[in-house]
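Undergrad: Sequence:
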Amino acid sequence: MVVVKLRESNLKVKAVTPYATELTKLEKKSLVNTMYIGRPLSQFVNQYGTKPRLQLNDKIADLNEIPLFLERHKVKLPEGQRPGITTSMKIDGDVTMGFVSDVKTELRKAGQLKVNYSAKKRTERSGF
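Under the working numbering, the first residue of the sequence shown carries the number 16, and numbering increases by one thereafter.
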């Protein structure tokens, strides 16, 4: 029996990624940690408000929680694979670059320089 895990996190933020043409697939999924950036879904607005928020795993997080999130992922991997860790950011199209820049600054401070922006493949039917 094969068990397929489709998603590691239950989304609490809206993260509709943009379309792009020049995409590269990340090969080693175990080396990827994912951050979601978007406005809270309607059922979480009372709890988190309407401003764009950062989601790490199943938790809405503050920027100062990024280093611990990265470290928890890093310690699970053999030391030889750690330099290959990539942070994939799934960012909703309505989020301003100001908040994304703040996240990127925290990633740099934590020494995480390999960053990927998730996008959907643009097709003829996607209208873009």
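If you are wondering where the hints come from, they were derived from the structure by calculation, not from laboratory data.
Virtual Cβ for every residue (Gly too), placed ideally from N, Cα, C.
Mixed in with the good hints there might be a few duds.
What the hints assert, rightly or not - Below, a list of computed lysine-lysine pairs in the DSBU-like style, where the Cα atoms sit at most 30 Å apart:
hint	residue 1	residue 2
1	K136	K29
2	K129	K40
3	K44	K129
4	K89	K44
5	K91	K29
6	K136	K105
7	K119	K136
8	K74	K89
9	K44	K105
10	K29	K129
11	K136	K43
12	K29	K44
13	K136	K40
14	K119	K40
15	K89	K43
16	K40	K29
17	K119	K29
18	K29	K124
19	K27	K105
Unchecked claim - With beta-carbon atoms standing in for the labels, derived distance ranges:
hint	residue 1	residue 2	range
20	Q96	G64	18 to 26 Å
21	L41	M112	32 to 40 Å
22	N61	T111	33 to 41 Å
23	G95	L41	24 to 32 Å
Undergrad: Give a verdict on every hint.
TA: Hints versus structure:
With a CA separation close to 19 Å, the supplied pair K136 and K29 stays within the 30 Å bound. Using a Cα cut-off of 30 Å, the hinted pair K129 and K40 holds, with the two alpha carbons roughly 14 Å apart. Pair hint K44 plus K129 holds up; C-alpha atoms about 14 Å apart against a cutoff of 30 Å. For the hint linking K89 to K44, the alpha-carbon distance of about 13 Å falls within 30 Å, and the restraint holds.
Between K91 and K29, the direct Cα distance comes to roughly 28 Å. Compliance with the 30 Å bound is thereby established for this hinted pair. Distance restraint check for K136 and K105: the Cα-Cα separation of roughly 14 Å lies within the 30 Å cut-off, and the hinted pair is therefore satisfied. Taken as a hint, the K119 and K136 pair is honoured in the structure, with Cα atoms around 23 Å apart against an allowance of 30 Å. Using a Cα cut-off of 30 Å, the hinted pair K74 and K89 holds, with the two alpha carbons roughly 18 Å apart.
A distance of roughly 15 Å separates the Cα atoms of K44 and K105; the hinted pair therefore holds under the 30 Å criterion. Annotation: proposed proximity of K29 to K129 holds, straight-line Cα distance about 24 Å (limit 30 Å). Restraint check for K136 and K43: satisfied, since their Cα atoms lie roughly 19 Å apart, inside the 30 Å limit. A distance of roughly 22 Å separates the Cα atoms of K29 and K44; the hinted pair therefore holds under the 30 Å criterion.
In summary, the hint linking K136 to K40 is supported, as the alpha carbons are separated by about 11 Å, within the 30 Å threshold. Only pairs whose Cα atoms come within 30 Å are accepted, and K119 paired with K40 is accepted, the gap being roughly 21 Å. Taken as a hint, the K89 and K43 pair is honoured in the structure, with Cα atoms around 14 Å apart against an allowance of 30 Å. Only pairs whose Cα atoms come within 30 Å are accepted, and K40 paired with K29 is accepted, the gap being roughly 22 Å.
For the proposed pair K119 and K29, the alpha carbon gap of about 19 Å is at most 30 Å, so the pair holds. For the suggested pair K29 and K124, the alpha carbons sit about 26 Å apart, so the restraint of at most 30 Å is met. Under the criterion of a C-alpha separation no larger than 30 Å, the hint pairing K27 with K105 is consistent with the structure, at around 13 Å. In this structure the hint that Q96 and G64 lie 18 to 26 Å apart at CB is violated, the actual value being about 38 Å.
Judged by the Cβ atoms, the range 32 to 40 Å given for L41 and M112 is violated: they are separated by roughly 22 Å. Distance hint check for N61 and T111: the Cβ-Cβ separation is about 23 Å, which falls outside the suggested range of 33 to 41 Å. Between G95 and L41 the CB atoms are about 18 Å apart, so this pair departs from the stated range of 24 to 32 Å.
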